[in-house]
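Please work from the sequences and hints to get the whole structure.
Just so you know, the protein sequences line up as chains A and B, in that order.
Numbering follows my numbering, in which position 22 of the first sequence is assigned residue number 22; successive positions increment by one, without gaps.
Numbering follows my numbering, in which position 121 of the second sequence is assigned residue number 121; successive positions increment by one, without gaps.
Everything labelled a hint here was simulated from the structure, so no lab data went into it.
We treat Cβ as the ideally placed atom computed from N, Cα and C, and that holds for glycine.
Check each hint, because a few of them may be wrong.
Stated by the list, open to error - According to the in silico footprint, chain A covers these stretches of chain B (three or more CB under 8 Å from chain A): (1) 91-98; (2) 190-201.
Said to hold, decoys possible - Computed far set for chain B versus chain A, every beta-carbon distance over 10 Å: (3) M40; (4) L65; (5) D82; (6) G101; (7) S111; (8) H135; (9) Q153; (10) L168; (11) L169; (12) I206; (13) M229.
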Amino acid sequence: MSGPRDISRRMALAGAAGAGGLLLSGCDRLSRSASFRRVLAMAERWNMRAQRLILPSQGLAPEFRPSEVSPIFKANGSFNPSTDEYKSLRDGGFADWRLQVHGLVAHPLSLSLDELKALPSRSQITRHDCVEGWSAIGGWTGVPLGMILRAAELQPAARYVVFHCADNLGGGANGLYYESIDMKDALHPQTILAYAMNGKPLPISHGAPLRVRVERQLGYKMAKYIMRIEVVDSFARIGQGKGGFWEDRGYAWYAGI
Amino acid sequence: MTAEVASGTAPAGREVIKRHALITRVTHWINLICLTVLLMSGLQIFNAHPHLYWGLKGANFDPALLSLQKFPKWATIPSWQDLSTGRLWHFFFAWLFVANGLVYLIHGVFSGHFRRDLKPTRDQLAGFRQTVLHHLRLKFPKGEEAKRYNVLQKLAYIVVLVLLVLMLLTGLTMSPAMDTAAPWLLTVFGGRQSARTLHFIFAFSIVGFVIIHLIAVLGAGPINEIRSMITGRYVVKPDPGDKP
Numbered sequence: 001m002s003g004p005r006d007i008s009r010r011m012a013l014a015g016a017a018g019a020g021g022l023l024l025s026g027c028d029r030l031s032r033s034a035s036f037r038r039v040l041a042m043a044e045r046w047n048m049r050a051q052r053l054i055l056p057s058q059g060l061a062p063e064f065r066p067s068e069v070s071p072i073f074k075a076n077g078s079f080n081p082s083t084d085e086y087k088s089l090r091d092g093g094f095a096d097w098r099l100q101v102h103g104l105v106a107h108p109l110s111l112s113l114d115e116l117k118a119l120p121s122r123s124q125i126t127r128h129d130c131v132e133g134w135s136a137i138g139g140w141t142g143v144p145l146g147m148i149l150r151a152a153e154l155q156p157a158a159r160y161v162v163f164h165c166a167d168n169l170g171g172g173a174n175g176l177y178y179e180s181i182d183m184k185d186a187l188h189p190q191t192i193l194a195y196a197m198n199g200k201p202l203p204i205s206h207g208a209p210l211r212v213r214v215e216r217q218l219g220y221k222m223a224k225y226i227m228r229i230e231v232v233d234s235f236a237r238i239g240q241g242k243g244g245f246w247e248d249r250g251y252a253w254y255a256g257i
Numbered sequence: 001m002t003a004e005v006a007s008g009t010a011p012a013g014r015e016v017i018k019r020h021a022l023i024t025r026v027t028h029w030i031n032l033i034c035l036t037v038l039l040m041s042g043l044q045i046f047n048a049h050p051h052l053y054w055g056l057k058g059a060n061f062d063p064a065l066l067s068l069q070k071f072p073k074w075a076t077i078p079s080w081q082d083l084s085t086g087r088l089w090h091f092f093f094a095w096l097f098v099a100n101g102l103v104y105l106i107h108g109v110f111s112g113h114f115r116r117d118l119k120p121t122r123d124q125l126a127g128f129r130q131t132v133l134h135h136l137r138l139k140f141p142k143g144e145e146a147k148r149y150n151v152l153q154k155l156a157y158i159v160v161l162v163l164l165v166l167m168l169l170t171g172l173t174m175s176p177a178m179d180t181a182a183p184w185l186l187t188v189f190g191g192r193q194s195a196r197t198l199h200f201i202f203a204f205s206i207v208g209f210v211i212i213h214l215i216a217v218l219g220a221g222p223i224n225e226i227r228s229m230i231t232g233r234y235v236v237k238p239d240p241g242d243k244p
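Here you go:
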């Protein structure tokens, strides 16, 4: 027995099931379409514009108490780079490591770890947010990046700071990790080149000898195992041109959300 | 929802009314698309780390509040595991959801829709118990009573509106830049990982609402209900108890 009501109910259910199937295959096809991805990626620019609009340029990310530090801070990405160059530096206790600062600066720099440690430092206990969704709280000590950039003296065309790293996370010729930030984040007081974590020398798994902290963005912006810092007017010619290792693999350059 | 009698003749004893305003209907369907994509791309993002925590922090070595299996392919956008593509979808449709929601809210306030149709009246609150009993027996109002939302409907719509606002706020609390610009978000939701857990709970509360909403639509006559949300026209069946 089926009255008109049952038929209309059945039609509604069948319609919903059909729409669901179309939705699934349609979304997969759209996910593969380069032009559709460009439309979706407009939202990344809206995120950046909106957040920069409401974010005071010197506004500090929340800082935490020592008791709130994560008992075990999860390491992610590379844990122990295996390039020959890094292995020999590591075996020498990073005594031969030098940070190169070059590109659009008036005075290129070459600094040893001891020289960096002799400069005024900043310590901060902050929350590290991974794009995957987890968070860890840790204490970091390092030199404000702004201080290094001011010492090197930025040229007027300088727009981005690129961190070139020792770890070959992707493997192969294009696998070296790199990241870039603009001057708004580079000159922020909490953006530091950290050589210590929770009061001890920075562990290998967290980027020894030097990593950057960019506290108002997600973890993948905070490059580890930094070898040189290049100041540029555009990152179009670096890597695959998107401004970072994960950016070249589809992630947003602005990672404030 | 305006209970004007539409021009045009209805079969004897039936009355056709104009049920939903154009803006309500358009924003309803845009919202359905947004929430579907947000849920499915959200499950994709969740699959990158299918554990929930409470408080300021939480990662693999911290005690999880809840550890789940990854959601299956048919529940995520895209169907394969791909966090960056899930995020592309999620943020684009989050903006669309906010823009659409603002149009709805502004219209609802200034047109009087909220005050007229969503605010429960005194007599409805007094008859709350009876309405619950009628609903449990899937007995829906007819005649004059069918021209307005009943008290359970009104409360459900108010709760879901609050949930949708909370979805936005807990989503924003997960953003490190937002936490810098508006640290009060962390205070309100008890930290980033609490906000993430609440985002998940609220999302499934909305799924629960949608299931009940669909059962109610099926029970009350799906063609008439769906038509009223597309064309605005809604057929009110006579109440057998009413004498003409």
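* Minimum Cβ-Cβ distance from B/L65 to chain A exceeds 10 Å -> 13 Å, holds
* Checking the smallest CB distance to chain A, is B/I206 really beyond 10 Å? -> Non-interface label stands for B/I206: nearest chain A Cβ at 17 Å, farther than 10 Å.
* To do: Measuring Cβ to Cβ, find out whether B/S111 lies farther than 10 Å from everything in chain A.
  => Per Cβ check, B/S111 is outside 10 Å of chain A; nearest 28 Å; holds.
* To do: Against chain A, does B/G101 hold up as non-interface, every C-beta pair farther apart than 10 Å?
  => 16 Å, holds
* To do: Against chain A, does B/L168 hold up as non-interface, every C-beta pair farther apart than 10 Å?
  => Fine: 12 Å to the nearest Cβ keeps B/L168 off the interface.
* Just double-check B/M229 for me: nearest Cβ-Cβ distance to chain A has to come out over 10 Å. => 12 Å, holds
* Check on B/Q153 being off the interface with chain A, judged by Cβ distance over 10 Å -> 19 Å, holds
* Asked: At a Cβ distance under 8 Å, does chain A reach at least three residues of the region 91-98 of chain B?
  -> holds (count 4)
* Asked: Is the Cβ of B/H135 farther than 10 Å from every Cβ of chain A?
  -> Non-interface label stands for B/H135: nearest chain A Cβ at 18 Å, farther than 10 Å.
* To do: Hey, is B/M40 genuinely clear of chain A, shortest beta carbon separation above 10 Å?
  => About 7 Å separates B/M40 from the closest Cβ of chain A, which leaves it inside 10 Å; violated.
* For B/L169, is the shortest beta carbon distance to chain A beyond 10 Å? -> Given a closest Cβ separation of 13 Å, the condition holds.
* Counting residues of the region 190-201 of chain B that have a beta-carbon nearer than 8 Å to any beta-carbon of chain A, does the count reach 3? -> holds (count 3)
Of the numbered hints listed earlier, those contradicted by the structure are 3 and 5.
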